[in-house]
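Number of protein chains: 2
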Amino acid sequence: MIAISVLGYGNLASHLVAAFEKVKSVNVIQIYNRHPIKNKPFNALFTTNLSDLLPADIYIIAIPDDAISVFSSKLKTDGLVVHTSGSVPLEALQTQSRAGVFYPLQSFTKGKALSFKNIPICIEATDKKDLELLFKLARSISDSVIKITTAQRKKLHVAAVFVNNFTNYMYTIGESLCEDNKIDFNILKPLILETALKIETVSPHQAQTGPARRKDVVTIKKHLDFLPKEYQEIYTLLTQSIQKNYDKKL
Amino acid sequence: MIAISVLGYGNLASHLVAAFEKVKSVNVIQIYNRHPIKNKPFNALFTTNLSDLLPADIYIIAIPDDAISVFSSKLKTDGLVVHTSGSVPLEALQTQSRAGVFYPLQSFTKGKALSFKNIPICIEATDKKDLELLFKLARSISDSVIKITTAQRKKLHVAAVFVNNFTNYMYTIGESLCEDNKIDFNILKPLILETALKIETVSPHQAQTGPARRKDVVTIKKHLDFLPKEYQEIYTLLTQSIQKNYDKKL
Numbered sequence: 009m010i011a012i013s014v015l016g017y018g019n020l021a022s023h024l025v026a027a028f029e030k031v032k033s034v035n036v037i038q039i040y041n042r043h044p045i046k047n048k049p050f051n052a053l054f055t056t057n058l059s060d061l062l063p064a065d066i067y068i069i070a071i072p073d074d075a076i077s078v079f080s081s082k083l084k085t086d087g088l089v090v091h092t093s094g095s096v097p098l099e100a101l102q103t104q105s106r107a108g109v110f111y112p113l114q115s116f117t118k119g120k121a122l123s124f125k126n127i128p129i130c131i132e133a134t135d136k137k138d139l140e141l142l143f144k145l146a147r148s149i150s151d152s153v154i155k156i157t158t159a160q161r162k163k164l165h166v167a168a169v170f171v172n173n174f175t176n177y178m179y180t181i182g183e184s185l186c187e188d189n190k191i192d193f194n195i196l197k198p199l200i201l202e203t204a205l206k207i208e209t210v211s212p213h214q215a216q217t218g219p220a221r222r223k224d225v226v227t228i229k230k231h232l233d234f235l236p237k238e239y240q241e242i243y244t245l246l247t248q249s250i251q252k253n254y255d256k257k258l
Numbered sequence: 009m010i011a012i013s014v015l016g017y018g019n020l021a022s023h024l025v026a027a028f029e030k031v032k033s034v035n036v037i038q039i040y041n042r043h044p045i046k047n048k049p050f051n052a053l054f055t056t057n058l059s060d061l062l063p064a065d066i067y068i069i070a071i072p073d074d075a076i077s078v079f080s081s082k083l084k085t086d087g088l089v090v091h092t093s094g095s096v097p098l099e100a101l102q103t104q105s106r107a108g109v110f111y112p113l114q115s116f117t118k119g120k121a122l123s124f125k126n127i128p129i130c131i132e133a134t135d136k137k138d139l140e141l142l143f144k145l146a147r148s149i150s151d152s153v154i155k156i157t158t159a160q161r162k163k164l165h166v167a168a169v170f171v172n173n174f175t176n177y178m179y180t181i182g183e184s185l186c187e188d189n190k191i192d193f194n195i196l197k198p199l200i201l202e203t204a205l206k207i208e209t210v211s212p213h214q215a216q217t218g219p220a221r222r223k224d225v226v227t228i229k230k231h232l233d234f235l236p237k238e239y240q241e242i243y244t245l246l247t248q249s250i251q252k253n254y255d256k257k258l
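Each protein sequence line maps, in turn, to chains A and B. Counting from 9, one number per residue, gives the positions in the first sequence under our numbering. Counting from 9, one number per residue, gives the positions in the second sequence under our numbering.
What the hints contain is simulated information worked out from the structure, not anything from laboratory work. Backbone N, C-alpha and C define an ideal beta-carbon position, used for all residues, glycine too. Hints may be right or wrong, so weigh each one.
[Claimed, not checked] Taking lysine-lysine pairs in the BS3-like style, the calculated list, with each CA pair at most 25 Å apart, reads:
{"hint": "1", "chain 1": "A", "residue 1": "223", "chain 2": "B", "residue 2": "237"}
{"hint": "2", "chain 1": "A", "residue 1": "118", "chain 2": "A", "residue 2": "197"}
{"hint": "3", "chain 1": "B", "residue 1": "197", "chain 2": "A", "residue 2": "125"}
{"hint": "4", "chain 1": "A", "residue 1": "84", "chain 2": "A", "residue 2": "136"}
[Said to hold, decoys possible] Short derived list, chain B residues pointing at chain A, Cβ under 7 Å:
{"hint": "5", "residue": "113"}
{"hint": "6", "residue": "126"}
{"hint": "7", "residue": "128"}
{"hint": "8", "residue": "168"}
{"hint": "9", "residue": "169"}
{"hint": "10", "residue": "173"}
{"hint": "11", "residue": "176"}
{"hint": "12", "residue": "191"}
{"hint": "13", "residue": "196"}
{"hint": "14", "residue": "200"}
{"hint": "15", "residue": "203"}
{"hint": "16", "residue": "212"}
{"hint": "17", "residue": "216"}
{"hint": "18", "residue": "246"}
{"hint": "19", "residue": "249"}
{"hint": "20", "residue": "250"}
[Unchecked claim] Derived DEER-like restraints, expressed as beta-carbon distance ranges:
{"hint": "21", "chain 1": "A", "residue 1": "188", "chain 2": "B", "residue 2": "123", "range": "28 to 34 Å"}
{"hint": "22", "chain 1": "B", "residue 1": "48", "chain 2": "A", "residue 2": "229", "range": "35 to 41 Å"}
{"hint": "23", "chain 1": "B", "residue 1": "75", "chain 2": "A", "residue 2": "192", "range": "29 to 35 Å"}
All chains should be modelled from the sequences, with the hints used to inform the complete structure.
What follows is the structure, encoded as structure tokens:
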């Protein structure tokens, strides 16, 4: 049985607590949050006072990136202390005798239930036994646990920004173009899903289609002609980048 | 029973023929292609000679956009002639007495079987009876048939470029960042799928997360520091655009 405490109760933390409380091999003994929480949707004990922390095997810090380092320096424990951030180095926990990272690679929306089963969890720790402990903890909720370094995690995080945040922004632009022209955005949803599913079988590089890929300058010009200026710049830059990308590999 | 001929046998045409040949209410009587086709994976008659065309109710032109107008001018018939392009106006078929558009909004990969059931088909025709005929034809393979104008279709097509072509390019950048850093791109696939599925329930505008959305300048700077120059520009432009977008709506 692994005893854990979750420090912070934001988006990710609330999903983690819900997942761990369903698992027999993990005991969520305590949750800390700066502010009180309404209706406490968990069984664990709760505190707003760091000095009330009970002993645990692992302390999971799930707070905003820029607060991790300072928060960690206030946390006095011999347990394993991990953070959950994609972009914060392991060294941010340097005041701890045992430090690690427990980074679930997913975007969490408050209130939307999510199974961790298929969510990759990236783990890191300097000590081999701590890494094994983190592996056990991660495996208790996910089938996909990957050991990666701080350097790799940094790159993975920016890759995630492209495939998640920027992709979502492409959807937003699509939605806004539909709205401006009284077209139901739902018409685009099957295409969006197919685009995501296609790369299960074909690499994105191979899957690329469209006017930029086939250097269809007539269509590109037509599109640019009526796009709002802001989207024109994005269209132009992405089109140029796609064209360069396929020139290179010819 | 609607008798159709399919003119051209590229990616889209081969998928359309396969779908229509499974439908009882449609009879694919003939396929025309400029070049002979190996193994002819269809039951319809085949010709490489436009003057051999048999009478049909609907002629579906499925050839590259820039060839549609010239091709149509060589096609002499009293039947309904439609093209399948997202960006070519109805007027490209002006030499026809009866013209229309039959535009399935999806990206087709050669060899990858695809059901049209959930693919929106956008139809257009000047004559009301022709529009009804096109509606019947489209409904025979798809549950989602939408009447849209040439102007709307043009906008929808550019929206599709953003949500399909440019989104796929975001995946390509993600893949390339992974490869450069010896990270398995498969780790990103659950996130990619979740990003596409999320907007089934939340609008993309609401679903936006990430450093740009929360104006996390520290993370943005870290990301820019190690990105290759080409991706740096894309990262910067999209980040600025997201920030503007959320400033506006505050």
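Earlier hints that do not hold, by number: none
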